[in-house]
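Protein chains in written order, with my numbering: chain A, 1 to 285; chain B, 1 to 321; chain C, 1 to 308.
What the hints contain is simulated information worked out from the structure, not anything from laboratory work. Model, not experiment: these values are computed from the prediction. C-beta atoms are modelled at their ideal positions from N, C-alpha and C, and glycine is treated no differently. Check each hint, because a few of them may be wrong.
Okay, the calculated bits of chain A under chain C, using three or more residues with CB under 8 Å as the criterion [stated by the list, open to error]: (1) 15-22; (2) 96-110; (3) 118-128.
As a list, the in silico DSSO-like pairs of lysine-lysine whose alpha-carbon atoms are at most 27 Å apart [stated by the list, open to error]: (4) C:Lys143 x B:Lys310; (5) C:Lys187 x A:Lys276; (6) B:Lys144 x A:Lys105; (7) C:Lys21 x B:Lys148; (8) C:Lys112 x A:Lys35; (9) C:Lys143 x B:Lys148.
Computed far set for chain A versus chain C, every beta-carbon distance over 10 Å [stated by the list, open to error]: (10) Thr9; (11) Ile25; (12) Arg28; (13) Ala32; (14) Leu51; (15) Gly54; (16) Val55; (17) Gln113; (18) Val155; (19) Ser197; (20) Ile263; (21) Tyr271; (22) Ile278; (23) Pro280; (24) Val281; (25) Leu285.
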Amino acid sequence: MPIYEQGYTRWEGEIQARPMRFWPILRRGFLAELKRRRTLILLFLAWAAVLIRGVVLYGDLRAGSLLQSSGLLKTGLSFFYSALKGQSVFVILFVLLSGTDLVSKDRRFHALQIYFSRPLTPNDYILGKLGIVSAFVFAVSFLPVLLLWIFAVAVSVQQGYFATVWSAPLLALFYCGLWAALAGLMVLMLSSVAQRSAIIAVSWVLLWGLLVVDGVTRILKMLTGWSLWSLVNVDANLKQVGAWIFGADRPLGYHPLLSVFVILAVGAICYVILRKRIRPVEVVL
Amino acid sequence: MIQAPPTSPPDTSMVVLKTQNLSRWYGQVIGVNDLTVDVSPGVTGLLGLNGAGKSTLFKLMAGQLKPSAGVVRVCGHDLAHYRGLYRLIGFLAEPDALYESMTGREMLVYLTRLQGFTKDEANDRTQRALQRTHLVEAADRRVKGYSKGMRQKIKLAQALAHDPQILFLDEPFNGMDPVSRKESMDLIRELGAEGKTVMVSSHILHEVEAMTSRILLIHRGQILADGDIGEIRDAIERHPHRIEVHCDSPRALASEFISLQDVQGLRVSSENALLLESDLPREVYRLLPEFALRPEMGVRSWTTLDDNLKSLFEYLVEDGR
Amino acid sequence: MSSFDPILRCARLSQSYGEKKVLHELEFEVGGGAVGLLGPNGSGKTTLLRTLLGLLPVPPGCAQVLGIDPGLSPLALRRRIGLVPESECLVPGMNAVELTGYAGELTGMSSKDAMQRAHQVLYYVGLGEARYRDLETYSQGMKQRLKLAQALVHDPDLVFLDEPTNGMDPPGRETMLALIREISHAKGVSVVLSSHLLPDVQETCDSVLILKDGRLRSQEAVSHDPLHEHLLFEVRGRGDLAALGEELRVRGHDFTPIQNGIRVRLKEGVGGPEPILQTALSLPNPVEIRHLMPAGRTVEDSFFEAID
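Using the sequences and the hints given, assemble the complete structure.
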C-alpha cells in the first residue's frame, strides 16, 4: 500500500533561480569538514602561529627599532608576506585534508548523478568544491594575517608605518586567492583522477613541487647552472609571484612574469582535466 | 512448512542434488538454517525476500561455500569431498568478475579450458554456448564494451559451456532487455526439458511462473514452501480463494451461490462484479460456466484474484512472519 | 502551462555520437500521466533520456519538456523535473534526511524548506522511521526508495524513472509500483518510466513509446479496461486447456498457448465467452476454468510487434 503516514502533497513554494548555484555545495562541504575535531585543532594551531608573530611584531614596533626608512618599507610589507608564507604548512594540510576526498568519493558513490540531475553545471560543481578548499585556505592564511595587519597598524608608533603597509591586505587577498585556486584546482583534479586519499595526497605534494621536485630542481640547477629548471616547481613559482608583488627578495633567477605564466598554465591544465572527468553526460544514467 | 503432496511415489534416483540439515552461519548471523531439500531435474524457482538466504543457499549448493553443518549431496556423493563433482555444476552469480580486456569468445574459451577441456573442445563448446545464448554476433567484441544485458548473457554462456547437469542461476535476467529475457527464459525451459536440474532465483515472479510451476521459497534461512505452485496454493488453508465474477446482475448470481456449502463469503464489490470467497472452490469453478451460459445471469468473465505466484508469495511470507 | 499541453514533444530529433547516428528524426508528443519508454538494448533510450534532461546539446525546437527547450534552458528544466536513476547513487557522509534536504537545496529550495519537504517526502516513500540511519545499513529496496525521495523533494512536475524496481524483492516492487501509480494518477505528477520489465509498464503506464535502432517504432495507449473486448479471451486454470484449444480450433476459432493456459481468438460474428464455455462443457475430460477474461492488447504484444 502506498499510503503511509502522510500522502504525497504538492509543495506550495516557488523554486527561484539562485544567483550562486554553487553555494549549497560550498556550505555543506565546509560545515561537514568543520565539524571534525582535527579541523578545529589545526585551525587553532594555525592561528596560534600567527599570534606568535604578532607578539614579536608588537615588540619590534613598540621598541621603534625599525626606524630606518628604506629598511622599514621593505620589512614592513615583506613581513606580512613572510607571515603568509609561514602558514604554508597549515595551508598544505588543509588542502590535503579537505580536498583529497571531495571528488573521488562523489565518483565512487555516483553522487554526481544527483548533482547533475539538478539545475547545476559542471562549473557550479567545481566552484562549490573549490570554494570549500579555498575557505579553509583563507581561514588559515588570509584571515589571521589580515588581523595581524590590523593589529600592527593599530599598535605601531611610527608615523610612516601605515603608508608603507596599507596595500598589504589587498596584496594578501590576491596572493591567497591565487594560492587557493591553484592548490584547490590541483587537488580537485587529482581527486577526480584517483580514488585513494593517500595516493592523491602524495601526488599533490609531488606535483606542487615540494620535497622531491624541490630537491631535484636544486640539484639540476647546481649541475647545469640553468635556472629555468624551477619552472616545473609550482610552489617556487607561486612564491616568486608573491615576492614580486610584496616587493621581497626573489630567489629564482628569471623574470616573475614567467612564473605567472606557469601558474596560469598549470591551473588551466588542472581545470581541463577536471572538466573531462566530471562530464554530466557520461555520469548520469 | 508447507510441503505439497507428491503426485506420484518419489523416485529418488531422479533426485540429482539434495541437502541434508544444511546450515551456514557467519559469526552470529545465520544464513541458512537446517535445510533439507531434494532438487529434482527440471526447472525450479527459488524465491524469497532479500536477505532470506537465497544467495547463501546457491553458493552452498554450488560448492562455493563450505557448510557450517549438514551436507550437500550430488548424485549421492558429498560435494565437499569430491572435487570432481564441480564439473557437473554451472553457476551464474551476481558479482561481475569478467575479463574486461578479452573478447567474449576468448574469455569463454579460457574459462572452459580451465575446466580441463582441450583447445578444440573448448572452442566447440564455446561456440555452442554462444549460439544458445544468442551472443554469436557480439562474441568477438571486448567484454568491456558489453551492455549490462550482454554481460549477463556471457555469464550464462559461461555457466553452460562445460555442459553441466546442474545449473544455479542467480537473477540471470538482471539488466536484459525484453527480447533477451524471452530468449533466456526459452533457453531455461529447454534446459529443463532436456533433463537438466536448473534452479533459478528471481524476484520477477511472473517470469518464474513462465518457466516452471515448481518453486522453493526460503524465508529467514528456512524453507517455507517446496513444490508445485498450484498444489501449494490449494494447501494454504488460511486464505480462501477469492474469485471475482463480472456479471450484469451480481445479486442474482449471489443468491445462486449462497446455498453452496463451499462458499464462505459473498460481496457485491460493484454493480457489475461479485466477489466470492471459497475454501474449496471446485464446485464454484464447475458451476460458473453453467451459470455463464444462462443469459439472464449476464456473466461475462471471471478471474481468481490470488491464483498467481505473486499472491501466493504474499500469503506465505505474511503467514510466515 | 495548461493541463492539456504535452509534457514531452519531439520534432525531428536526431542525435549523433561522432560519426554514429544514435537517434533518427524522432517525432512524437506525449500528454500527461505515465508514459513507458521501451526498447531493446541499443535502441537509443538512454540517449533520448539524456537529451530530454538537457545533458546533450540539441538544436532549438527539436525537443520540448514541459514546454521548455532542453537545449536552450536546461537549468530551468531541471528545476521542474526529477530523476530516479538506475544505478546506485549516494552522497557520501550524509544520512537519508540530509541527502534529501541537500538535493532540495541544490535545486534552489531554501535550506529550511528543503528540510521540511525532505521529512515529508521520506515518510511518503516509507523511509520515515529509517531516515536518520546510516545509509550503509539500507537494503536495496530502501536505497531505491531514497532515490525516489530525492527526485520528489522539490515537487517536480515530471519524474523520469530508470528501472526503479531494480534488485527489489516482490513486496518492495509492489510498493514502488504503487507509489509510481499514485503520484502519476492521483497527484498529477507526470511520469516517464524506462524499463525492460513489460508487465511493470503494463501496470503503471497509460501509454508507451517503443524505440528500436534510434527510431520510434510505435506509440500506443495501454489498454487497462478490455472488458468490452468480444473476440479475444484468456483462459487459465487446471486441466488440459490445450485440448480445449484444439477443440475450439475444430469449431473454427483459434488459440495460442500462453503461460498456464491459452489465448483464444474467436471467429468473427461470435461474441462473448459462450462458445468457449460450451466447448469446455463438451470436453470428455473436464477442465477447471479459473480465469476467463477478455484479453486486451498487452504492452508485451505491442513491444514484440513493434520491434519485428
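Over 10 Å to the closest beta carbon of chain C is the bar; see if Ala32 (chain A) clears it.
violated (6 Å)
Does Val155 (chain A) clear chain C by more than 10 Å, comparing its Cβ with all Cβ atoms of that chain?
holds (41 Å)
Is it correct that the beta-carbon of Ile25 (chain A) has no partner in chain C closer than or equal to 10 Å?
violated (7 Å)
Pair hint outcome, Lys144 (chain B) versus Lys105 (chain A) [Cα-Cα no greater than 27 Å]
holds (23 Å)
Proposed proximity, Lys35 (chain A) with Lys112 (chain C) (alpha carbon, max 27 Å)
Holds: Lys112 (chain C) and Lys35 (chain A) sit about 20 Å apart, inside 27 Å.
Beyond 10 Å on every Cβ pair: is that true for Gly54 (chain A) relative to chain C?
With a cut-off of 10 Å, Gly54 (chain A) remains clear of chain C, as the shortest Cβ separation is near 36 Å.
Just double-check Thr9 (chain A) for me: nearest Cβ-Cβ distance to chain C has to come out over 10 Å.
violated (7 Å)
Cβ separation check - Leu51 (chain A) to all of chain C, threshold 10 Å
Given a closest Cβ separation of 32 Å, the condition holds.
Compare the distance between the alpha carbons of Lys143 (chain C) and Lys310 (chain B) with 27 Å, and conclude whether the hinted pair is satisfied.
holds (23 Å)
So if I understand the rule, the pair passes when the alpha-carbon distance is 27 Å or less; does Lys143 (chain C) with Lys148 (chain B) pass?
Cα-Cα ~20 Å, so holds.
Beyond 10 Å from each Cβ of chain C, as asserted for Arg28 (chain A)
Contrary to the label, Arg28 (chain A) does not stay out of reach of chain C, its closest Cβ about 6 Å off (not over 10 Å).
Is the Cβ of Gln113 (chain A) farther than 10 Å from every Cβ of chain C?
violated (4 Å)
The earlier numbered hints that this structure contradicts are 5, 10, 11, 12, 13, 17, 23, 24 and 25.
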